[in-house]
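Enquirer: Chains as they are written, first to last, in my numbering: chain A, 1 to 380; chain B, 1 to 237; chain C, 1 to 257; chain D, 1 to 291; chain E, 1 to 314.
Hints listed in this document are in silico derivations from the structure and should not be mistaken for laboratory results.
Derived lysine-lysine pairs resembling BS3-like cross-links, with alpha carbons at most 30 Å apart:
1) C/K94 <-> E/K174
2) A/K103 <-> E/K143
3) A/K103 <-> E/K278
4) B/K127 <-> C/K232
5) E/K143 <-> A/K14
6) A/K97 <-> E/K143
7) E/K278 <-> A/K293
8) D/K118 <-> A/K230
9) A/K14 <-> E/K278
10) A/K313 <-> A/K40
11) E/K278 <-> A/K97
Quick look at which bits of chain C chain B covers, simulated, 3 or more residues with Cβ under 8 Å:
12) 154-162
13) 181-189
14) 244-253
All residues carry an ideal CB built from backbone N, CA and C; glycine is no exception.
As a plain string of letters, each chain reads:
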Amino acid sequence: EGKYDVGASDTEIKMGHFNPYSGPVSAWGTVGKLQSAFWKKINEEGGINGRKINFISYDDAYSPPKAVEQSRRLVESDQVLGLFNPMGTASNLAIQKYMNGMKVPQIFVSSGAIAFGNPSVYPWTMGWLNYASEGRVYARYLLEQKPDAKVALFYQNDDFGKGFVNGFREALGDKAKTMIVGEASYEISEPTIDSQIVTLKATGADVLFNMSSPKFAAQAIRKLADLNWKPMHFLTSSSAQIGSTLGPAGLENSVGIISTNYYKDSTDPRWKDDPAMQNWNAFMDKYYPEGDKTDTTNVYAYLVSETIAQVLKQAGDDLTRENVMRQAANLQQFSTPLLLPGVTISTSATDYFPIEQLQLIQFNGHTWDFIGGVIDGSAE
Amino acid sequence: MTALLSVKGLTASYGDGQVLSGVDFEVQRGGVTVLLGANGAGKTTTLRALCGMVRRSGDIVLDGAPIQNLSTEGVVRLGVAHVPDGRGTFAQLTVDENLQLGSITRRDRRGIGEDVERCFTYFPVLKERRGQQAGTLSGGEQQMLAVARALMLRPKLMLLDEPSFGLAPMIVKQIFAIFRTLSESTSVSMLIVEQNAALALELADHAYLLETGRVVFSGRPDDIRNDPTLRRSYLGY
Amino acid sequence: MTSPVASIRDVAMRFGGILALDGVSFDIGPEQIVGLIGPNGAGKTTLFNCLSRLYTPTSGDILLHGRSLLGRPAYSIAALGIGRTFQNLALFPKLSVADNIKVGGHAEIAGDFISDALRLPRARAGARELDRRVGAIVDELELGALAQRLVGDLPFGTQKRVELARALATNPSLLLLDEPAAGLNHEEVDELGGVIRRIRDGRRISILLVEHHMGLVMSLSDHVVALNFGRKIAEGTPLKVQADEAVAAAYLGGTAQ
Amino acid sequence: MELLLQQILSGLATGTIYACMALAVVMIYQAIGHLNFAQGEMATFSTFVAWQLLAWGVPYWAAFVLTIALSFVAGVLIERVVFRPLHGAPALSHIVVFIALLAIFNNGAGFIWDFTIKSFPSPFGQTTMFGSMLNAHQAGMIVCTLVMLVLLYLFFSRTRLGLAMRAAAANPESARLVGIRVGWMIALGWGLASAIGAVAGMLIAPIIFLEPNMMLGVLLYGFAGAVLGGLTSPVGAVVGGLVVGVVENLAGTYVPVVGSELKLTIALSLIILVLIFKPSGLFGRAVAKRV
Amino acid sequence: MTIERTTALVFLICALAVPAMISGFVTFQLTMLLIYAIAIMGLNLLTGFNGQFSLGHSAFYAIGAYTAAILMDQFGIGYIWTLPAAGLVCFAVGFLFGFPALRLEGTYLALATFGLAVATPQILKLTPLEHWTGGVQGVFVMKPNAPFGLPLTSDQWLYYLTLAAFVLLYVLAKNLVTSRTGRALLAIRENPIAAQSMGINVSLYKTLTFGVSAAYTGIAGALGAIVIQFVAPDSFGFMLSVTFLVGVVVGGIAWLPGAIIGAAFILFVPNFAEDISKGLSGAVYGIIMILLIYVMPSGAGGIVSSALRVLRSR
Ligand SMILES: Nc1ncnc2c1ncn2[C@@H]1O[C@H](COP(=O)(O)OP(=O)(O)OP(=O)(O)O)[C@@H](O)[C@H]1O
Ligand SMILES: Nc1ncnc2c1ncn2[C@@H]1O[C@H](COP(=O)(O)OP(=O)(O)OP(=O)(O)O)[C@@H](O)[C@H]1O
Ligand SMILES: [Mg+2]
Ligand SMILES: [Mg+2]
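Generate coordinates for the entire structure from the input sequences, incorporating the hints supplied.
Expert: Below, the structure written as structure tokens:
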């Protein structure tokens, strides 16, 4: 006999979710669509511990007021067990107080902001990864390899870009002042970022830390080639996809780019025969045929769904909100084949960021080479 | 003479209010017909109805063909030039462009050039103002432009809604002289709404009197001149 | 002679290459009806626009009760006592007849955003006062039956009457009428003549009248000024101006009637 | 000095992108007297169509011409189908429909072609020139924009069709009275604007990559350029676009502290400043009003 | 008049009674509806009544929201007081923006205000202002509870507070537009030159209207910040302005009660579109907008006024 809170019963678990299906960042909508497909598959395979998943996903149009509305609808009207992988920094910040006040899990927030891994204040909110850890990984690598580097920072002027900058600066410590010689940011509404790259080149930097989203990353890579500027080039993992960034920018222009990753790039030829990737491809064909297989967001969404499934499995028949939260904070070296070799997912009552292990990688013209082993990016 | 335009049972309405209730009249080929009536009688509406500028029903036959279902531009393209109430100048365009637009449906470049020159001899002030935005002309100058623009179509039927509106007495005489010349030397027919009834009746071969959307009188100009009440109302003596 | 209500002093107005007014001077006396005539494009409407400060003359001065108007902004002209109508109608088509006329009374009653939003007593008193005045004007010009109609739906002649009513609502001491008789038939013109005379007599105001309808000008005016190409070519009693050769040649056509 | 020159050149290259879009903006403004908010999305959609044709193996120039033709027809159809029933509706209602079209095209493109960026080929190649300050595509784009400018200028100022179109937009009722088929003029304007948008899209996509939101930012700058130059003037549109491109780069580079974060804001403020002194834009003709 | 009075009374009674019958979530939705209605009313005063086109009202909404958030967060000022403060700040900003706007018309004004809308989120993110605005992270706001021990949930209390603000602002707006000032606004919209000659200080009225309109929208923004408990720059993009404009048109140009209908549209129709299709929700929303404009080209206000005309002519 199970223990239940609202949203769960002997036969069903109701999961809430939101992300932008409309508006300027509706590209992320594929996460929700993939997850719907994923839970359909799980249900066809018998559900989790015999319970069917009822996955309810709404559009927040990337607008915090809308996110508040949708979350309240999910919690109060649809009566879900919790929110799983809701998307967007501002949207999640906007609902964080509410979720904690209601004591409803807000798990695996799809954002890299540091605010979502603060269990002592917000025990009901758990993040996924944080930009700062990734920034720290690059900084540590740089201090090791090129301590006298002159670094130019290029970032998106929002929480995403600034999150990286903060982690990076923090890990450089005192040397940040001398090492960072130039900074330029852009707004997503800007059509091109040529001007910023020209300015950064003029600073004489020999390292470029590129914290931009795929479109601007591709533009930057090409502008670098046009300008014949060849700094050591760090590119954040979310943009370091062969299919959606390096390909359009020109693979020949992308040689040498250093990034990190924790899961397999579906467009990387290296994984063509990998069973996990083949499995994923089969899933895409069967359950989400309209989805774009070159969009690695779909790998990410799959991976998150698997992790959620793991949490629910661990919860067993005790489907109270408290237990779900407890299990989410009790992932021990959970691993799925879509993760890069050596990367595992761990959480604890004090560690609310499941993904902190990252693999440094470098592009060789057609695939990613691993540089060294997996690095842990958590703060010291 | 045969009828160029014949109208039967014409009704017209704005929104939910009917303004014309069954108007019948004719314009003879090469003839001049005058439409008289008090303020608000429906004269302007009649002209607008002929051109499909208001919702209308009834039979309108131009040159033997029914036109009551044509669009405004369709009617104009059959050779009907309309000097509308309020002049309808293209305020932002120059005088020259306004004249060019009058002949926009014509294809004979040469003839157009000649006609522009002719308009300038009729209204020399327009020539001086040819590059000026039409909206900055004085009221009377705009009225001249509206008449000139209608002439640029080389129409077979002219619908003139108060052509003398705002014109100085001398110019009024001039344009009626122009109408007379046109009427005598070409085959153009005219339907004139005019408050200066004396001048209009001199030109006309037939007159209709409109009252609240109905024809209440139809006859030759002399019939009006000879009727004491009509004479007082419309001719002022 | 008593001091003039308004004096136009050597006013010139240039638009690019066009000299629309060229040193025009004349006076408008108290309770006088002054007729302003001249061919099309002579500058009559331009002079009106200078008087109501929509244009600033290139040179010259305009005095109202002895004080220059030129430093005043256009919106203050109504309050100073100049009301006007427009040659090509400038009504507010989507407003009712009553509201159009009430706008004319805008400067005549007090009010501002705050007292209006809060319906303070003074705003309500002002509104009542305006209702009363507009009611009187509506009756005077026989617009009562149309008061709630939208102006844009009315025939041209009626719109002109609404415009006259609106100008009267500004409570002017000098009324500028730009071709009030255009588009009216004989009967209506005669009627209009009566109305204008009644307005002058009833309110003891001065009127500057631009009109191409000679019969009306000559029968109404105490004094007539004729313009041509922006210059004054004749001035005097109606009979004198009508008999003037230059006026006949430039304006009336042929010889003097 | 080197940096200044670089920034100016790069500003001109970017400005050409804006100029391209500004031309389409001017075209539609002349035809309907409004800014069309959906114009960017329509251009993006056209570019996706071209991309699809190329993906199916159609040769570049054939795809180019075919896309322009299809866009023209689509523009005409949009006017005839969507806007014709709205003749006489208030202007603000039209704006709501523009916004609706924006949503439809944006969403449609994302639905059909997904959101990942796609590279779009350039007919001019990407080799660099002028000391690597411009690449061949940017140079080719400048030439194409100038050609479009000349054609548009001639169309509006020299052809009777152009005159008829301006008349139809300025005063539809009078235009009917001189026999202009106003409905078709407006439809033609939509067709041409949509075709120009397609050209702009196909020229811009190789630089900024094709994706459903490609034109969101470009259109904003295109509006700014067109308004700065004067919405009635194709020459103004191009000059305006270039000025916006350069000013924005210089602001971003040389205004201390806030420059890089506010480069668009600074550019917009300058535009508003210009408009205050010249309310109809640098090259636009002021509409004189009189009573 | 009586029809209108009765409707207003019925509306008010329903509005007062409804929280007792609905869940907290729906109460919250209705609160948002009223907030948007206030913003739309503000925009309508400017665009609908005065004929000045604005695509910049997201900026005033943002300024109102940030004013409230910063006053509460940094200065510990009670939330009630932030409402008039937001109104005043926005009035000042709107009034000042009204001056350059005086020189511009129609499309050019639209673009200038569009610029304002685009620039605002960027200014809010500005590093030198981060201390107050929280930069890209935004500012949190505490959710107030019902005062004086009223037996209301926090949702209900905020609903009544917003309702009170709405009713007050509606009455003020209604008084304004039916007064001498309102006539002046309409006259300026219809014919500014004639309005001027009739003694209306056109510049003053236009700038004041800009200010008042901004103040309405700013108060809505402040209420929004209190209800959502959070402000962040990217919530206030240009699309929010567009949304308000859609609300004005759907509700009816220059028709105040339309604000409620417009707000309901922008709040509920996107949800409805999403129910029809997730992947194509934007397109469905677009199609609904177009169909709506076909059915009522002048918005709900147009339908109501022609219905009233028919009723009266009976
Ligand atoms: N746009 C409109 N909407 C509603 N009613 C209108 C409209 N235009 C005219 N009317 C009505 O139609 C009737 C006839 O008007 P019309 O303009 O045809 O008269 P008219 O004989 O030309 O008068 P006028 O001598 O004043 O020009 C009038 O009663 C008027 O109120
Ligand atoms: N804003 C302007 N720009 C250029 N020219 C103008 C402007 N306003 C008036 N004009 C010119 O000035 C002259 C005088 O115009 P005005 O309107 O004063 O004439 P008017 O005497 O009222 O003529 P009418 O009897 O035809 O109304 C005209 O030739 C006109 O073209
Ligand atoms: Mg008439
Ligand atoms: Mg005049």
